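Working from the sequences, and respecting the hints, build out all of it.
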Amino acid sequence: MLLARVLDEKFATLYRSGKIHGGVFLGKGQEALSAAVGHSLRAGDVFAPLIRDTAGRLAFGANILDSVRTYLGSVLGPMRARDGNVHWGRPKQGLLAMISHLGAMISVVNGMLLARRFKGVLQTVGATCIGDGGTSTGSFHEALNQAAIEKLPLVLVVANNQYAYSTPTSRQFACAELVDKAIGYGVEGHEVDGNDLGECLEVMQDVVTRAREGKGPQLVVARLLRLCGHGEHDDAHYVDPKFKQSALGRDCIEVSRQYLIGRGWAEPGTLETWHREAVETVERAVATVQREKGPDPYKEDWSALASAHLIETHPEI
Amino acid sequence: MSITYLEAIREAQAKALADDPRVYIYGQDVGAFGGAFKATKNLAQEFPGRVIDSPISEDAMVGSAIGAAIEGMRPIIEMQFADFSTAGFNQIVNHAAALYWRTRVPCPITIRLPCGGTSGSGPFHSQTMETIYAHYPGLIVMTPATVEDAYSMLLEAVSLDDPVIFCEHKYLYYHLKAERLPTEAMPTGKARIAREGRDMTIVAYSAMVHEALAVAEELAGEGSEVEVVDLRSVKPLDTDTVMASVARTGRLLCVGESWPWGGVTAEVIARVATEGFDLLDAPPQRLNAKDTPVPYHPDLWAVHRPTARSIATAARNLLRK
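Protein chains in written order, with our numbering: chain Y, 1 to 317; chain L, 318 to 638.
Simulated from the structure, these hints should not be mistaken for laboratory data. Here the structure is a predicted model, which means the values were calculated and not measured. A few of these clues could be false.
Cβ-to-Cβ under 8 Å is the rule here; a few derived chain Y residues that face chain L [stated by the list, open to error]:
1) Ile-99
2) Leu-102
3) Leu-114
Beta carbons: idealized from backbone N, C-alpha and C, even for Gly.
Take a look at the structure:
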C-alpha cells in the first residue's frame, strides 16, 4: 500500500507537469482495503480491479512497470498505448482490464468462474472492486444476482468512499447500509473499516476463504473516504468537511504507520526506509519507461479483429 | 426429409456442442424448455450441464460470456429477441468488441439474435439490429438468408476468434426449408449470387433476399433480368462481389429491413459510389423500413418494411432511369 501511494503520487506529479495524457485517478485513502483484496488472493485467482486499485494490483502481483507503461503510453505496456491510465490488465493471468462502465467487470468475473467450473477447476476465487456509485448500476444488480444463482466464488468489494465523483451517497441509495443489500441477493455480507489495514486483511482473508470453501458470493462493504478528487483534475471542494474530521477521513497509511510503531512491530526509521525504497522503486520504473517508445501510428494495423484471415480478405471490413 | 431454417440452427448448435467441449449455450428459457422458438430443443437433455437457463439479465449474460471466453470457452448466447440485446449492448460493443484490440486476448462468443418482423409482434419483438452492431469495430455480423447458411455460418461463428452477432430471421424460421444440411460452405465475408441477371443488381441480405428473388421472378415476366446478391454477412462486407455485379448490370438497388438512417444499404451504396461510380448507368437506389418503430397491426407492418411489392416498384423505376 505504501508503494501504491508513492506510485500514485508520482502519477499526480507527472500529470501536473504535463507528462501524462488524459486523466489520472488515485487510490488515496483506499490503499488499505485495496491491498488487502490483492493480498488475500493467490496465484490462479481472478482479480478485476477498478480505478482506485493500484495497491490491489501490486499486492496481487502485478508488475509496477505495467502500471507506469500504461500511464505513460509506452508500447511495451500491456495495452500497447491503445488504452491508458487505469485501464490495463493481463486477462490470461487473471488480472482483468477494466472498462469504464461501472459494474461491467462483475459478470465477466462470473463468467471466468463459470468457465472454471465447466473445466473442473475449483478452488479458485474471483474478486472485484467497485464504489458506492457503482452499486446503483443495472450491471451491478444483474451480476451479483447471477453470481448468487450460480453460487459462484465471487468476492465483491464495495469501497464506500462517500462520493461518486461529486454525488453523495444520499443521492445514490436509500437503504440504511449498503451491506443490507446482501440479504436481498441471498449472499453473505460483511462490513469493514476501510482505514484499518489489520481489519481489512482479517475480513478479506475470511471472505476469500469462505468463497473458496463454496459458501457462495461474498459482498464486502468498506467504510472510508476518498482523500483526493475523482481524478487529479478535480479539487473535490464538494467533500463535506465533517467527513474529513471524522474517523472516515483518517489516512489509512498514517493509521497503519501508527499501528506498527504503537505495537513495536516497526521502528520509525524502518518505516522511513520502506518509504525511501518505495520512492526508489517508483523513480527507477518511471525513468525506465520514460526512455521507451510511444506508439507509431503508421505501424499500427488499425484492425480490431482477431480473425487474421478476414483482415487479409477484407481490409475495409 | 426436409429441414427448416430453425431446425438448421438447432442442428448447428448440437454439432458445435458435440464437436467442441468448449461450447456451451446460455440464455433465457434455453434449457429444459428448449428456448422461446425451440432453437435449443432437447439440447439440455442431450448435453447435460452445457445448455443453461440464464436470469433475465442481458448485460450479465454477455458479460459472463466474455469472462468464459477469456478462460478459453466458446459460449453461444441466445437473446430471446434481437430487440432485447440492447439491454446487453454495453457489454457487446464496449467490452466484447474491444477486448482483443485492447488486450490481445480473443473474445470468441456467438450472440444469436432472433431478428426481424413477424406479423403482430410490434415494436419490441420485431427489430433487425445488424446496422447498429456493424457500426462497432471488433464485431462480425452475420445475416444468413438460407437454411444452408443458417447452419454453416452458425458453425463458423462458433469457430471464429471474434465476437459474432448472428442475426437469424424469425420470418424464415418455419417458412424456409431445405432437403438436407450442407456439407460444405462459402466462407464468411463472401457474398453469393442468388440469381443471375444482366439488367440490374439487387443487393439484399437475410429475409430480404427472398423478397428480392420474388421480384426478380416477377420482373423476368416483364422481360427484365434482375441479379440478386445475397450479402450473407454484412460485416465483413463483400464489396468485390457487389462491384462485379454492378459492373455487369450498371444498376443498383439495395434492400434492407432495418431503418433508413445510415446502415447497410447506405454503406453498400457509399462503397459502390466512391469506388465504382463509372460502373453506374443510373443513380443507385436504396429501400429500407420506414423511419418509425415497427408497427403491431398486420396492415401497417406489411407496409412498414420492404416487401416484394415495394421492391418491385423501386426496381421498375430504376430500370426506367
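Hint check:
Because the beta carbon of Ile-99 (chain Y) sits about 5 Å from the nearest beta carbon in chain L, less than 8 Å, this interface hint is met. A cut of 8 Å between beta carbons decides the hint on Leu-102 (chain Y): the least distance to chain L is about 10 Å, and the hint is violated. The restraint placing Leu-114 (chain Y) at the interface with chain L holds, with a minimum CB-CB distance near 6 Å, inside the 8 Å limit.
In summary, the structure is inconsistent with hint 2 from the numbered list given earlier, while agreeing with all the others.
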